[in-house]
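Going down the list, the sequences are from chains A and B. With our numbering applied, the first sequence covers 2 to 365. With our numbering applied, the second sequence covers 2 to 365.
A hint or two may mislead.
To be verified - Pair ranges (Cβ atoms, derived):
1) B:Asp324 x A:Arg311: 23 to 29 Å
2) B:Pro318 x A:Asp197: 27 to 33 Å
3) B:Glu105 x A:Pro292: 24 to 30 Å
4) A:Asp353 x B:Pro172: 51 to 57 Å
5) B:Pro210 x A:Lys335: 36 to 42 Å
6) B:Ala328 x A:Val190: 40 to 46 Å
7) B:Asn106 x A:Gln69: 40 to 46 Å
8) A:Glu336 x B:Glu219: 44 to 50 Å
9) B:Glu231 x A:Ile72: 40 to 46 Å
10) B:Pro318 x A:Lys305: 45 to 51 Å
11) A:Val190 x B:Lys335: 36 to 42 Å
12) A:Lys335 x B:Glu231: 28 to 34 Å
13) A:Arg312 x B:Pro268: 22 to 28 Å
14) B:Asp324 x A:Asp197: 32 to 38 Å
Because the hints were derived from the structure by calculation, they are not lab data. Where is the CB? At the ideal position from N, CA and C, for every residue including glycine.
There are 2 protein chains.
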Amino acid sequence: MHEKYSYDFLYDFTLAVFRKIGCPQEHANIASKVLLSADLRGIDSHGVARLSGYVRLWETGRINPRPQIKIVHETPSTAVVDGDRGLGLIVAPYAMKVAMQKAENVGTGWVSVKNSNHFGIAGYHAMMALDQDMIGMAMTNASALVAPTFSAERMLGTNPIAVAIPAKSQPAFVADFATTTVANGKLEVAQRKKQDISLGWAQDKEGNPSTDAFAVKEGGSLLPLGGDREHASHKGYALGSIVDIFSAVLSGASYGPWAPPFPAYIPVPQNMPGQGLGHFLGAMRVDAFRPKEEFLEHMDNWIKRFRNARRTDENQPVLIPGDPERAMESVYMKEGIPLLQSVEEDLQKLGDKLEVEWDKKDKG
Amino acid sequence: MHEKYSYDFLYDFTLAVFRKIGCPQEHANIASKVLLSADLRGIDSHGVARLSGYVRLWETGRINPRPQIKIVHETPSTAVVDGDRGLGLIVAPYAMKVAMQKAENVGTGWVSVKNSNHFGIAGYHAMMALDQDMIGMAMTNASALVAPTFSAERMLGTNPIAVAIPAKSQPAFVADFATTTVANGKLEVAQRKKQDISLGWAQDKEGNPSTDAFAVKEGGSLLPLGGDREHASHKGYALGSIVDIFSAVLSGASYGPWAPPFPAYIPVPQNMPGQGLGHFLGAMRVDAFRPKEEFLEHMDNWIKRFRNARRTDENQPVLIPGDPERAMESVYMKEGIPLLQSVEEDLQKLGDKLEVEWDKKDKG
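Construct the entire structure; sequences and hints are all you get.
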C-alpha cells in the first residue's frame, strides 16, 4: 500500500532540494508550490515524482537555478518572455503575472515563452487568474511522444491546455487536459499493474494500434485525442499542433519533434530551431466583456444546470471540469498524499545525494 | 449522381434570396460569400443546404434582415457586439473586423457576440485574419445536440473551433472542427446511405452507445470528442463547454441547453438566460510576438517537417489542418459544386416561393 505524506513535509523537502541546487528563496517557494499542486490535484506524474528529473537537468546544465527572466518583446496586450533556462515552475508564473498585468491595463494579456522547461501542471498557471476575476489560460509544448493522424513518428508532445473560469458561489470551472487520448501516466499505471491498455491510446512503431502498455516505451507513440481517423484523431492532432505553435513557434522555443526531452540522459535534438520549451499564457478580465457580477452569476447558473443534466447512470453524477481534482485535493490535504514506493525510494536517494533530510519520523 | 453547379450560379442565387428577404446589398454580398465558402470547402451541411432554413427563421422573425449591429461594451483589446438578430453570416465578419482593428492597435483583439444566428463555417471567420499577417480564431455555440460525459441529455451544441495561422510559402494552417467526435452531417450521410455509424459518435436517449444513424433523430445525442470516458470524452465535453462559455456566457447570448434551435418550427427554449446565439472571435498580430518574417519562415519549417513525418501507410500522406478543405475548393472551383438532389429540390422550391430564378440552363 502507499505510504502517505503530509503536504507540509513534501513541500519542505522540495523547497530544500530547490535551495540546494541554487534557486533563490522566492523562486524555490514558488517552484515548490507549483510542483506540489500537481500531487494535491491527483496528477502525481507531474509532482514530486519529477523532482529528481529536474535535479538531473540542473546537473547537465539544462536548468539554470538563477535565471534572469525577462520580457524581450511586447505590445500593450502581448509579450514574449525569455525564461533563461529557468524552471518552468517559476518562468510560467512570471509570464502569467505579465499576462494578468496587461489584462488589468487593456482587457486581456497574452504571453508566449521561450527558453523554459517543464512547468508542472497547466491548471496551476491558468488558476492564477481566478483571484483577479479573470479567465486564465495556460498551455505548453513538450518533448515529442505523439504521432499525427496517419503518421507513426513522434512529432508532438502531450501538449496540455488549461482554462480556468471563475464563478460566484460555485467552485471555478477548471479544465486541464493533455491533447492526447491519455497522458503518459496512464500507460505507466498499466505497466505497473501488468495490464493491457485500451485501443485508441497508443500505437506501436509501425503505426499499428496497440493494447500493450509498453508500446510507447518500445518505440511507439501516443495517439492524439480521438485515437484514430474514424474517431476524429485529426482534431486531437490539430489541438496539439495549435498548442505547439502558440507555445513555441510564436516565442522562439524549439517546436514539434525538436522540443528538448525531459530525461537528462537523452541528448537534445540536433539543429533545434529555437530555445528550450515554450509556453503560452493568457488572461482575460471578465469585465472586459460584461459586468463582473452578471458574469459570475451566469457561470453559477451554467454550472448548476450542467450538474443537473440527466444522468445516464443514477449513481454517476455529471461532472464539471475541475471537480475530480478539487475532490482529490480535499482528501489529500486531510489524509496526506500517497506516494508510490518507487517515488519514495527515488526521493530518499535524492535526499541522500543532496544531503537533504528525508526523515520518516516527520511525515505525520 | 450529383448535378454540379458553378460557384457563380450558386452565389448569384443566394445573393438574390438574401436581397429578397430584405438584406442590404453589402450584407447580402458578405452573407453569400460566407455561405458559399462552406460548399467550396466541402462542408456542405453549412452551405446552401441551410439557405431555406435561414429564410424560415426570417419568416418567424428570428432573423432580422436589417440589423443595427453594434459594439455595446469595449476595452482596448476586447468588445461585446450585439448582432440585433442579424444573420451570423454578417454579424461574425463584423465582429472579426473589430477584433482585427484592436489587434492593429494593441496587439490582439477579442470579441464576444450575442443576439446572433448560425454563422456558416467557423473557418471562414478565422481565415479573415490571414491577409493581415494575423492568427485568427473563431468559435460559436449552437443549439443543444451533445451530451456531457455521464449524461444522456442534450446540453451543448456541436460548438466548433477554428484557428487560422499564416505561413510564408506554404498554405496557411487552418484548423476548423466541431468539438464532437463527428458533426451531425456525418449521421445524415449514413442515414441517406442506410448505413450504420461507428461507436463513439452518438448515443440513444437512455445514454447507450449506438450504431444507429437515426439515434440522435430519435431522441439521442451526439457524443463529445473522445466518445466515452475510456477514450477521454470529458476532454471533448470540456472543449465544447469552453466554446459555449466564451461565445455565450461572456457576451449575454443564450448558453447551454437554452441556445435557440436552428429549425424554425422548434420553439425557442423557455426562460432563455440571454439573447440569441453567441460567437467568439479573436485576432493576434504575429509581430506582437516575434518579427513577422521570422514567424512565417518558422511556420513553413513546421509545416514541411510535419508533411514529412514518417507515414503509417506509404500511400496516405500526413496532412496539415486545412489541406482537405483546400483541395476540395480547388476541385469545386474548376468542376462545379455537387449538390444532393434533396438540396436542389429544396432550392428550387425556395426559388419558386421567393420568385428567384433557379434556371437549369444557367448552371454551367
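(request) Take a look at whether the Cβ-Cβ distance between Asp324 (chain B) and Arg311 (chain A) falls inside 23 to 29 Å. (result) For Arg311 (chain A) against Asp324 (chain B), whose Cβ atoms are near 40 Å apart, the range 23 to 29 Å is violated.
(message) Tell me if the beta carbons of Ala328 (chain B) and Val190 (chain A) are separated by a distance inside 40 to 46 Å.
(response) holds (41 Å)
(request) State, for the Cβ atoms of Pro210 (chain B) and Lys335 (chain A), whether the hinted interval 36 to 42 Å holds or is violated. (result) At 37 Å between Cβs, range holds.
(message) Please check whether Asp324 (chain B) and Asp197 (chain A) have a Cβ separation lying inside 32 to 38 Å.
(response) Taking Cβ atoms as reference, Asp324 (chain B) and Asp197 (chain A) lie about 34 Å apart, which means the hint holds.
(message) If I claimed the Cβ atoms of Glu231 (chain B) and Ile72 (chain A) lie 40 to 46 Å apart, would that claim hold in this structure?
(response) At 43 Å between Cβs, range holds.
(message) Given a hint of 36 to 42 Å, does the C-beta separation of Val190 (chain A) and Lys335 (chain B) actually sit inside it?
(response) With a Cβ separation near 52 Å, Val190 (chain A) and Lys335 (chain B) fall outside 36 to 42 Å, so the hint is violated.
(request) Take a look at whether the Cβ-Cβ distance between Pro318 (chain B) and Lys305 (chain A) falls inside 45 to 51 Å. (result) Once the Cβ atoms are compared, 47 Å apart, the range 45 to 51 Å for Lys305 (chain A) and Pro318 (chain B) holds.
(request) Take the C-beta atom of Glu336 (chain A) and the C-beta atom of Glu219 (chain B), compute their distance, and say whether it sits inside 44 to 50 Å. (result) holds (47 Å)
(message) Verify the CB-CB distance for Asp353 (chain A) and Pro172 (chain B) against the hinted window 51 to 57 Å.
(response) holds (56 Å)
(request) Kindly confirm whether 22 to 28 Å is satisfied by the beta carbon distance between Arg312 (chain A) and Pro268 (chain B). (result) holds (26 Å)
(message) Does the beta carbon distance between Pro318 (chain B) and Asp197 (chain A) stay inside 27 to 33 Å, or does it fall outside?
(response) Once the Cβ atoms are compared, 31 Å apart, the range 27 to 33 Å for Asp197 (chain A) and Pro318 (chain B) holds.
(request) Mind checking the hinted window 24 to 30 Å against the Cβ distance between Glu105 (chain B) and Pro292 (chain A)? (result) holds (27 Å)
Figure legend: structure checked against the earlier numbered hints; hints not met, in rising order: 1, 7 and 11.
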